[in-house]
Amino acid sequence: MAMKDEQQPPLHILFFPFLAHGHLIPIADMAALFAARGVRCTILTTPVNAAIISSVIDRANDASRQGTGFPESEPFDRFLAVHSHFDAVVSDSFFSWSVDAAAEHGIPRLGFLGTSMFARSCSDSMLRNNPLETAPDEPDALVALPGLPHRVELRRSQMMDPKKLPDHWEFFQSRSFGELFNSFHELEPEYVEHYHTTLGRRTWLVGPVGLASKDMAARGTNTLSPDADSCLRWLDTKDANSVVYVSFGTLTSFSTGELRELARGLHLSGKNFVWVLRGAGAESSEWMPEDFAELMERGERGFIVRGWAPQMLILNHAALGGFVTHCGWNSTLEAVSAGVPMVTWPRYADQFNNEMLIVEVLKVGVSIGAKDYASSVETHEVIGGEVIAESISRLMGNTEEGDAIQKKAKDLGVKARSAVENGGSSYNDVGRLMEELMARRSSAKVEKVRTTDGL
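Count along the sequence shown from 1, add 4, and you get the number used in the working numbering.
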């Protein structure tokens, strides 16, 4: 029986993000990116998180054609039983069990961890070799990660031992059809090659996915800070490259001592600044030094945003000259996309690996000198205001070091934007994955016809 020529319906991909903002936002952006290429996309999440990404969904549906877009969601276990017509499932790597669930319905699963290929390769080296087993039991002991394209050394205190939390490392054991990365080839080419050739993994780099967002202000929230508009107007009054932006993501918390020293550091730096404060940090009476309070009252050098800031708009503002960041991958890639160099202040998770990529490999940042790996709620060392001020000055001062970092950052920003344009490396990887999934669908149809003919 010959197959009749017929118009193929568009690919249909199910996106299943982890519930935290840092995982939800890039998957929503990725779905919008695929929808813009004609793929029908479904995001499966909770009603609360659906509200957070509603603006992304609405814009994708407004721009979609022929039914491309984001239908309503249902729980995963029932959803696949009723809707087994997906061409692929893109699920967060934290949901390692989704591999088997998708396989039961004959659907290929693509993992998405939401980190850099560099950090992912470092984690793989830790799992394969665990150099902590033979390293000196001293917090400041330097531990090398073997088998990587660059020499990578971290302090023992900056690393998490795979033997202590084996469940945490389970999602690194990839059994998927392949992995999607919010990155681009030109950012970390040695690690793309390492991942493909040395590790033998199938990957598609489709980022920076944040550049797919048409509304940078509301990205990732349905409740923007009331300070947002005033902040952007304040930035308009500042000279180019004169403002440092300070933000540490949605989960990082600071002690009152850390907040006090950060305020001192911003004051001592002499630079204009925008500082995003969330949670307990928004109550400033407990930690704000008197001279810093006076500085804020004058309003000339600093602006504090309480709540969710329009980060992409701030980073892309001409006044921005630097970013003090926790090195979460979303924030890192947003800074790279905007061509903004970084002062790195990692705390936990993949952040120390990302710092190494930023400072040692890409050379677009200055380390503040954080030494201790700890969770988002554990106590960290207090870094002095003088150290913070010096790091900002190194990044934004008119020195040979600062100028070199600024130039590299701007060059990377151009490459990032080119990657997602027609003919760019990430644009092509999206097309390559679409072609592979379409070929897999056609192959499955041929096999079905052969089976029918054999009856």
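In short, the hints are calculated from the structure, not lab data.
Because the structure is a prediction, the values reported are computed rather than measured.
Hints are not guaranteed to be accurate.
[Unchecked claim] Okay, the calculated beta carbon distance ranges per label pair:
id	residue 1	residue 2	range
1	Asp-233	Asp-165	25 to 35 Å
2	Asp-376	Glu-108	40 to 50 Å
3	Gly-204	Glu-304	34 to 44 Å
4	Glu-197	Ala-148	55 to 65 Å
5	Lys-367	Arg-179	27 to 37 Å
[What the hints assert, rightly or not] Each computed DSS-like pair below joins lysine-lysine, with the alpha-carbon atoms no more than 27 Å apart:
id	residue 1	residue 2
6	Lys-367	Lys-275
7	Lys-414	Lys-275
8	Lys-168	Lys-375
9	Lys-242	Lys-414
10	Lys-367	Lys-419
11	Lys-411	Lys-167
12	Lys-275	Lys-168
13	Lys-375	Lys-242
14	Lys-419	Lys-375
15	Lys-275	Lys-242
16	Lys-275	Lys-375
17	Lys-367	Lys-414
18	Lys-167	Lys-414
19	Lys-275	Lys-411
20	Lys-375	Lys-412
21	Lys-412	Lys-367
Note that CB positions come from ideal geometry on N, CA and C, so glycine has one too.
Structure-based check of each hint:
no.: 1; hint: Asp-233 - Asp-165: 25 to 35 Å; result: violated, 46 Å
no.: 2; hint: Asp-376 - Glu-108: 40 to 50 Å; result: holds, 43 Å
no.: 3; hint: Gly-204 - Glu-304: 34 to 44 Å; result: violated, 56 Å
no.: 4; hint: Glu-197 - Ala-148: 55 to 65 Å; result: violated, 20 Å
no.: 5; hint: Lys-367 - Arg-179: 27 to 37 Å; result: holds, 36 Å
no.: 6; hint: Lys-367 - Lys-275; result: holds, 22 Å
no.: 7; hint: Lys-414 - Lys-275; result: holds, 20 Å
no.: 8; hint: Lys-168 - Lys-375; result: holds, 19 Å
no.: 9; hint: Lys-242 - Lys-414; result: holds, 19 Å
no.: 10; hint: Lys-367 - Lys-419; result: holds, 15 Å
no.: 11; hint: Lys-411 - Lys-167; result: violated, 41 Å
no.: 12; hint: Lys-275 - Lys-168; result: violated, 42 Å
no.: 13; hint: Lys-375 - Lys-242; result: violated, 34 Å
no.: 14; hint: Lys-419 - Lys-375; result: violated, 31 Å
no.: 15; hint: Lys-275 - Lys-242; result: holds, 11 Å
no.: 16; hint: Lys-275 - Lys-375; result: holds, 25 Å
no.: 17; hint: Lys-367 - Lys-414; result: holds, 12 Å
no.: 18; hint: Lys-167 - Lys-414; result: violated, 40 Å
no.: 19; hint: Lys-275 - Lys-411; result: holds, 19 Å
no.: 20; hint: Lys-375 - Lys-412; result: holds, 26 Å
no.: 21; hint: Lys-412 - Lys-367; result: holds, 7 Å
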